[in-house]
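Asker: The hints should help you fit chain B with the ligands onto chain A, whose structure is shown.
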Amino acid sequence: MDFGLTEKQIMIRKITREFAEKHIAPVAEESDRVSELDPNVMEKMKEMNYFGTCIPEEYGGAGLHNDTIAFAICTEEIGRVDASWSITTGVHCSVCTYPIYRFGNDEQKEKFLIPLAKGEKIGAFCLTEANAGSDAGGVQLTAEKEGDEYILNGSKIFATNGGIAGTLLVVAKSGEINSRKQLTIFIVDTDTPGYSVGVKEDKLGVRASNTSELVFQDVRVPEENILGGLSNGFRLGLQILDFGRITIAAQCLGLAQGCLEASVKYSNEREQFGTKIGKFQGIQWKIADMTTDVESARLLTYKAAWMCDQKMDYGLSGSMAKLVASEAAMKAAHQAVQIHGGYGLMKAYPVERFFRDAKMGEYAVVSAA
Amino acid sequence: MKVFVCIKQVPGVSEVKIDPKTNTLVREGIPSIINPHDKHAIELGISIKEEYGGEVIALSMGPPQAEKALREVLSMGVDKAYLLTDRAFAGADTLATSHTLALAIKKLLKETNVEQKYIVICGTQAIDGDTAQVGPELAEELNIPQITYVLKFRLEEDDKVIVERAFRTEEVVEIETRLPVLVSVVKEINVPRMPGVQGIVNAYQNKEVIYLNADDIGADKSEIGLNGSMTEVWKIFIPEKKVDHVVLTGTIDEMVRELCINLHDDKVI
Ligand SMILES: Cc1cc2nc3c(=O)[nH]c(=O)nc-3n(C[C@H](O)[C@H](O)[C@H](O)COP(=O)(O)OP(=O)(O)OC[C@H]3O[C@@H](n4cnc5c(N)ncnc54)[C@H](O)[C@@H]3O)c2cc1C
Ligand SMILES: Cc1cc2nc3c(=O)[nH]c(=O)nc-3n(C[C@H](O)[C@H](O)[C@H](O)COP(=O)(O)OP(=O)(O)OC[C@H]3O[C@@H](n4cnc5c(N)ncnc54)[C@H](O)[C@@H]3O)c2cc1C
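Chains A and B, in that order, give the protein sequences.
Mapping the first sequence onto the numbering used here, position 195 (from 1) lands on 183, and the numbers just tick up by one.
Basically the numbering used here = 1-based index in the second sequence + 227.
Only chain A is shown next, with the shape it has when bound in the complex (with noise of 0.2 Å):
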């Protein structure tokens, strides 16, 4: 058994952290305020190939696809500093790019793939729908098939990515056998008519994210675009939330990070009483728990990704290390606001932002557990 990290994995840790300070850091705290990604930042996550990190090479990717704990130092290091932005290409890779180079065919990756590894188009991965939440077999919106096109009609809510994405990944109902629904993954151009974009959520956390309602009004998708098979939509689902469910572990893993160092940080910092607050038993006891949760939820993490990585069934594993570091990142965010004391609540500490962003983890793209 190894717990060591390779050579590549630090070095990637140490560039996404340089990276992560100097560019997104400075602007997380006014792109948070104004709900939006800050354009430049975006530009620069592009040429560091953070829209293509576990895609090959040859598809325009940075190569990580053997490297899935790489990836997930990848989002922990930009989750460390604004989950908006680790949400923004975890779920842009994880739940549409990835899937797309693991289910399409040659034809799917070549005109798909490598526009969305390049970062030249974003993508997303639309599920959940008004009556369709936990309950993902309850989808509504359809899919009928006319000559070789199938007509999608329906909305979706809460699409991460949804309304600046140029390629999303629909999950639709495309009929039923021996009435049961069959459901049915497509790949979709934003450009294709009937397709638009509705209400952009105004979010208590990870606000510059978007997360938008997108509407499709008989939108013609070619038969071509039906990723995995007719009818696989179910089965393939579940496995790209599996994969899904690892980076958001990372994403949680970063942000809670994030608040413990904060935490130390200040209570190093803030005198009462004659002396640093970071000398206070209780204070430590806090940061003693957060840096144990930290901890569990990097390793559970870490393992998921290391068994996906050695093809082994990680499911289980992904699923664990989501409800560990959601839960971490919750109660790290938490007990950060509590060291902050009032200073907690201002906008000029990170902590009151990490404070909302935190809850993202246990709802985003699946609920907790």
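A couple of the hints might just be wrong.
[Unchecked claim] No more than 30 Å apart at the CA atoms, straight line, and that leaves these computed lysine-lysine pairs for DSS-like:
hint, chain 1, residue 1, chain 2, residue 2
1, A, Lys32, B, Lys379
2, B, Lys434, A, Lys291
3, A, Lys34, B, Lys379
4, A, Lys32, B, Lys414
5, B, Lys379, B, Lys276
6, B, Lys333, B, Lys344
7, B, Lys244, B, Lys462
8, B, Lys276, A, Lys106
9, A, Lys34, A, Lys191
10, A, Lys106, B, Lys434
11, A, Lys(-4), B, Lys295
12, A, Lys32, A, Lys335
13, B, Lys244, A, Lys10
14, B, Lys295, B, Lys379
15, A, Lys10, A, Lys34
16, A, Lys109, A, Lys10
17, A, Lys10, B, Lys295
18, B, Lys276, A, Lys32
19, A, Lys253, B, Lys244
20, A, Lys2, B, Lys244
21, B, Lys414, A, Lys10
22, B, Lys295, B, Lys334
23, B, Lys414, A, Lys34
24, A, Lys10, B, Lys307
25, A, Lys10, B, Lys379
26, B, Lys434, A, Lys97
27, A, Lys291, A, Lys34
28, A, Lys299, A, Lys99
29, B, Lys307, A, Lys32
30, B, Lys434, A, Lys10
31, B, Lys414, A, Lys2
32, A, Lys264, B, Lys468
33, A, Lys267, A, Lys319
34, A, Lys335, A, Lys264
35, A, Lys253, A, Lys191
36, B, Lys334, B, Lys379
37, B, Lys307, A, Lys2
38, A, Lys2, A, Lys299
39, A, Lys34, B, Lys295
Don't read these hints as lab results, they were simulated from the structure.
Answerer: Frame of chain A; chain B with the ligands shown alone:
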């Protein structure tokens, strides 16, 4: 065309701590970084390649952990990296360092038969040793022209090199020479790129750091490391702070009066 860039791995702190007992630099717990100037040297090397073609080769003399620094510059886009590492190199002063670097460059030039068309790029100075001597000494060893404090670099036909040199920023002069040349750069010359994830993956999967020892470069043991060093370190110390500074407050008149009294008391006036 070959572009050689010399990089040094240094402790990542601006204030160096010295162990009072052993008189040596405290290195424990201090992360190593690429000497900040040298990232600008690398950036110039890569941009020369992008504009005029050629191959960028990074060289570093240091212990095995300096491989990390070389991997980082490979990630940025350097083509090849050589680590000059050998116990016999230890204790080198600037003369022995530049001699060792020169031997390596000569060896690599000989292997490729492009002896006349090359550029060597150094940072102006290292943040730890801080002598700014290695670049100039290396040029002497190689017997090629040197231009230090370079702010702008341009290559024209017939191997003509035109640079702007800023010894003090207000005095910028333009200098012309021909390849081969050694330049040492100042930070203002460019903004070093950050390696993308793809670059990092490439640096670890498709590129290598080649280790060279004293024998590989045909070094004479009396001319490298401690033996080859003309200087001897007697003592390293932090200058003692003898007086505290005082910040005067009050109106201009009050402050001037107090200053004069102080200067008088201290027998300055
Ligand atoms: C920031 C953000 C980003 C998102 N991004 C995406 C995205 O990119 N793509 C996408 O498709 N969706 C996305 N979602 C939607 C998300 O996946 C859903 O919110 C989630 O699946 C929960 O569904 P729901 O909101 O309808 O809650 P519901 O399913 O209505 O759940 C309500 C409550 O009931 C509980 N509950 C539900 N079922 C059970 C049960 N069987 N037993 C016990 N308790 C139960 C839940 O835990 C929850 O507490 C996003 C959501 C957020 C907040
Ligand atoms: C007081 C003192 C004591 C020292 N004692 C020792 C000792 O006991 N043992 C020991 O090993 N070293 C010792 N050194 C370190 C060593 O002599 C110098 O650091 C080294 O020769 C480079 O000089 P510099 O740091 O002044 O670099 P500078 O001349 O300021 O560097 C200019 C440029 O030269 C290039 N360069 C410099 N060094 C290297 C390198 N190693 N590889 C590749 N390129 C390089 C870089 O491009 C750099 O930007 C000591 C240095 C000083 C100042």
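Asker: Could you grab the alpha-carbon distance between Lys307 of chain B and Lys2 of chain A and see if it respects the 30 Å cut-off?
Answerer: holds (21 Å)
Asker: Check the hint pairing Lys335 of chain A with Lys264 of chain A against an upper bound of 30 Å on the C-alpha distance.
Answerer: holds (22 Å)
Asker: Given the hint that Lys244 of chain B pairs with Lys462 of chain B, test it: the Cα-Cα distance must not exceed 30 Å.
Answerer: holds (14 Å)
Asker: Hint check: Lys(-4) of chain A vs Lys295 of chain B, CA-CA at most 30 Å. Holds or violated?
Answerer: Holds. Lys(-4) of chain A to Lys295 of chain B sits at ~10 Å (cutoff 30 Å).
Asker: With the threshold set at 30 Å, check whether the alpha-carbon distance from Lys253 of chain A to Lys244 of chain B stays at or below it.
Answerer: holds (23 Å)
Asker: Hey, Lys414 of chain B versus Lys2 of chain A, does the alpha-carbon distance stay inside 30 Å?
Answerer: Holds, at about 22 Å.
Asker: Hinted pair, alpha-carbon criterion (30 Å max): Lys333 of chain B, Lys344 of chain B. Please report holds or violated.
Answerer: holds (12 Å)
Asker: Would the pair Lys434 of chain B and Lys97 of chain A pass a check requiring their Cα atoms to be no farther apart than 30 Å?
Answerer: Holds: Lys434 of chain B and Lys97 of chain A sit about 27 Å apart, inside 30 Å.
Asker: Keeping to a limit of 30 Å between CA atoms, is the pair of Lys267 of chain A and Lys319 of chain A held or broken?
Answerer: holds (21 Å)
Asker: Can the restraint linking Lys10 of chain A and Lys307 of chain B be considered satisfied, given a maximum Cα separation of 30 Å?
Answerer: Given that 30 Å is the threshold and the Cα spacing comes to 28 Å, the pair holds.
Asker: Please verify whether Lys291 of chain A and Lys34 of chain A have alpha carbons no more than 30 Å apart.
Answerer: Holds, at about 28 Å.
Asker: Check whether the Cα positions of Lys299 of chain A and Lys99 of chain A lie no farther apart than 30 Å.
Answerer: holds (27 Å)
When held up to the earlier numbered hints, the structure conflicts with none and fits them all.
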